[in-house]
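Residue numbers (the numbering used here), protein chains in the order written: chain A, 173 to 503; chain B, 13 to 235; chain C, 1350 to 1893.
Each hint should be verified, as a subset may be incorrect.
[Unchecked claim] Ranges between beta-carbon positions, derived for each pair: (1) C:PHE1580 / B:PHE136: 21 to 29 Å; (2) C:TYR1699 / A:GLU245: 21 to 29 Å; (3) B:LEU128 / C:VAL1363: 51 to 59 Å.
No lab work stands behind these hints: they were computed from the structure.
Virtual Cβ for every residue (Gly too), placed ideally from N, Cα, C.
Listed below are the residues making up each chain.
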Amino acid sequence: MIHSLFRSQMMHSHHALALFIFQGGASTIAPQADYVFYFLLAFSFFFIVLIFGLILYFMVKYRRRSEDELAEEVKVSLPLEIAWTVIPLGLCAIIFLWSGTIFFREARPPARATEIFVIGKQWMWQLQHVNGAREINELHVPLNVPVKLTMTSQDVIHDFFIPAFRIKEDVLPGRYTSLWFQATKLGTFSFRCAQFCGTAHSMMVGTVVVMKPDDYARWLSANAPAQSMSATGQKLFSQLGCGTCHANETSGKYPSLAGLYGHPVSLRNGSTATADESFLRSVIVNPSGMQIAGYAPSMPSFQGQINESELLDLIAYIKTLAPEEKETASR
Amino acid sequence: MSEAAIKQAGRPILEEHFADLPAQEEARKLGMWVFLVTEVLFFGGLFTGYTIYRELYFYGFEQGSHLIEVKWGAINTLVLIVSSFTMAVAIRTAQVGKRSFVTISLLLTTALLGVLFLFIKLYFEWFHDYKEGLFPGVHWDYHGPFAAHVQLFFVFYYFMTGLHAIHVIIGVGLMFALAYLTWRGRFSPRYYSPLEVAGLYWHFVDIVWIFLFPLLYLIGGRS
Amino acid sequence: MSVAVAELATRSRVHYLNESYGIKSWLLTTDHKRIGLLYLVSITFMFFIAAVAALLIRIQLLEPNGAIVQPETYNRLFSIHGIIMVWFFLIPSIPAVLGNFLIPMMIGARDVAFPKLNLLSWYIYIIGAFFELYVVIYGGVDTGWTFYTPYSSTYANGHVFAAAAGIFIVGFSSIITGLNFIVTIHKMRAPGMTWFRLPLFIWAMYATSIILVLATPDLAMTLGLMAAERFLGVGIFNPALGGDPVLFQHLFWFYSHPAVYIMVLPAMGVVTELIAAYSRHRVYGYGFVAFSSFGIALLGFLVWGHHMFVSGQSVYAGMIFSALSFLVAIPSGIKVFNWTATLYKGSNSYDAPMLYALGFIGLFVIGGLTGLFLASLSTDVQVHDTYFVIAHFHYIMVGGAVTAYMGGLHYWWPKITGRLYPDKWARLAALIIFVGFNVTFFPQYVLGYMGMPRRYPIYPPQFQWLNVASSAGATILGIGYLIPFVYLIWSMRYGPEAGPNPWHVKGLEWQTPSPPPRENFEETPIVTEEAYAYPTRPRGSARV
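Pulled out of the complex, with its shape left as it was, chain A reads as follows (with noise of 0.2 Å):
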């Protein structure tokens, strides 16, 4: 009995080594770093060969055929040693620049990506669309369409790993990180945690499911809440008071927020910053961190007073802020 459930893991396991190493994986960058993987693998493979065969070789040619038999003379040669170093070399700075190129289109995600949040917790993944839908272990995505996951965690350190799309991220607290992918193959894949985050480390797994653009449009309508994001940021907005300061502001003594998102900051320490969602949320938390240039550091922090889920709202909502001024003046 034993036997045969062995045996129908293993048939099971081939399918799935047969689905990782033939069919490749489900993202557009899979292929791209599957064949950089296929290359380290040959080059492993020759070396490994190389060196097994030449040790092999010599251990039976040369071997020691009485016991007070001498070793041969043997000179060193200067171009050897300088062609096993360079050629090497070489092939390395190709696999370094092939294989960093590729990790940087992986870093850059597409301007129109469509934004999916995750937040991560002790022992469960949390993710909201942009229409406020939210679900728990599992994320739906559409086909062929970039997707943006920005990322962070309310407790410790966790990761997010889609191994068919063979992109991984830490998700920190504190701060966001960020991941994208565009899908090739509808179906479910699986997500896991990989960054050990305590005692159901293990159990932090869950589906990703894409789905056609259609069905992906059709489940979101269906899942959505009363209130998208921004909506639920433009009353936290209000709650928490950061309209005394923000709202309608023309007097110069605040900063305005209106047409702020994507824009540079400079700072008070001379340096400049975008107002990408870590800008905003690091001056929310941590405003002494992130002095405006021409403003006094009078703004409080809202550490404590803000939850990961609501802080990411209120990001939303700021972003739907229109540029106020600009319209004004080309009107």
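Given chain A, put chains B and C in place with the hints provided.
What follows is chains B and C alone, placed relative to chain A:
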């Protein structure tokens, strides 16, 4: 270290695994230098952490620095510099063969300056800060702006000055031990490498403070 | 009759093992050889504790839902396995046992530069070890050996503070050992023992000592800060309190990546000695092998960020660390090629230590090449924090460092104990270890590529057959390690007398009786030739 060896004033003591005396002395000095390299890396981790956080949380750190007194830091800097001087002179007097009384009093002065440093640190600074509620995790009573980052500043402040103080305590112990050995007549112009090696250590402890003082006190302390 | 007389003569000869008896003569010894043996016994004890943890891990993973323990227990098992294996077995293994025993003998010195400090380092090790034993007995620690914040400093259960304190303490033992070796190699060499006449083991140990001295204090500081955060509840690495969790990773890996080279550089040194000895050849490209150790030590300090490609650090930092990580592969490659070339036209024998040395090269090559998958950015993203990484570093640390340690122990065993072990058993054990190791860890590469994350007590069923294979291999590997344990102890009493130079090899340590006298050499040796000056027959001449 046999009794007979100690009794014979000024006789160098060659440990049996060394070929000759110069080799032994060089080994000791090199040993201390390598140890000091380790020490640099020891403090290096803290300095790196401090620098990164000061960059990240500039205002909190500036605020924290305002809460400690430059006056005491400056006095302690002076105390340590003078102690380095007395240490250097102590080695010199042993080297040129002055009466052991001179060397002993210089070593004891160095030790007492070290004690003075520790007293100022402990009583006028740490104890005072503790009473004011500026001891993170134990007695923390600061609610001004950037409280979290001020606390971080103080964590580094106690860690760095605390680690430094441990080094001063060890140094003071060394000074007393050396004064005792000088009294027993162990050193002479031919053999004074323990003094030199301890001197290297003492100067290092001094130099660490020379870095700590501006980093912690001078970035915006009240005068 | 004459045999009996000779035996009587050796018996009556005074050497370091019989010059004094009793517990006190060992616990208060300043003899580097006895201290080496004290370490040998201590780290073997720690090895068995951590090995039991490994065994339980492999049993647990036989079934997807966990065969024996709850996840909380499993987390404690892999944490204690990592902590003890890294800091209480691997890092002291070759340096503190073989290094202590051999460095003074190989350079013709009577002892290390600071014998009392040397003994102190062992006591510090023991104190640190007691902290870890306390942790094991009183409920364990569940952070993993990496102690990532804020999990370790705020969320973890168990004895994080005690575990970190033990590592903090044992760090000073490492520092003292490194300091002692640096000064010893600089100042204690016998007349005529110039730098370029040194055996390459000494070069490797010198490079290792530099890492020990430079990297260890950083770890002490990092764990100190982590413990302070946990103990006082103040924010240093916890973002909720204003800290930065990634800073911890930077500081941690600034030590822990070089720490890998603390394990593998001495192993390379041992293997270099073994290859030369059993091929009766001067090591091919002596200078290249010597300086590649320094290349590795230097570059090893600059690659820590490759542990953090997906940690949220900047893409540009990732690019730089990736390039440097590829670079550090080159000096390792140089060593492998030079070892292989040493065998060319050698007089190669199949003694057990040679089999270990060849096993080392094989496993190190596989481990090193799979390291490139991790240095390469886009492939690392896939395999980071999976079983691929586990397989990779076990190939380097166990397949590499432990195999070399076993080889070195066999090679110098006659010198240490004065006795020979049964060679047939030793060769058999070397083969079993090689096979068992590959069966255990090769499937883990596949598991990692398929996406099984590390530190998973419960895993998807499709990974089961590879886990079963790995556990089966672990059984073979375990048997492989037990065999030498038995026959080496047996040989101490029943093994035949070895004589001063049973392998007929070069090296100062073989020019003195086995076991050596307390002061190593009857009179200080004077060195007149380079290392590995084996007589050779002229080029192209026929074999005798």
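- May I ask you to test the hint 21 to 29 Å on the CB atoms belonging to C:PHE1580 and B:PHE136? For C:PHE1580 and B:PHE136 the Cβ distance comes to about 26 Å; the hint holds.
- Note whether the CB distance of B:LEU128 and C:VAL1363 lies within 51 to 59 Å or breaks it. The hint (51 to 59 Å, Cβ to Cβ) holds, given that B:LEU128 and C:VAL1363 are roughly 55 Å apart.
- Task: Note whether the CB distance of C:TYR1699 and A:GLU245 lies within 21 to 29 Å or breaks it.
- Result: The hinted range 21 to 29 Å holds for C:TYR1699 and A:GLU245, with Cβ atoms some 23 Å apart.
Violated hints are absent here; each numbered hint is respected by the structure.
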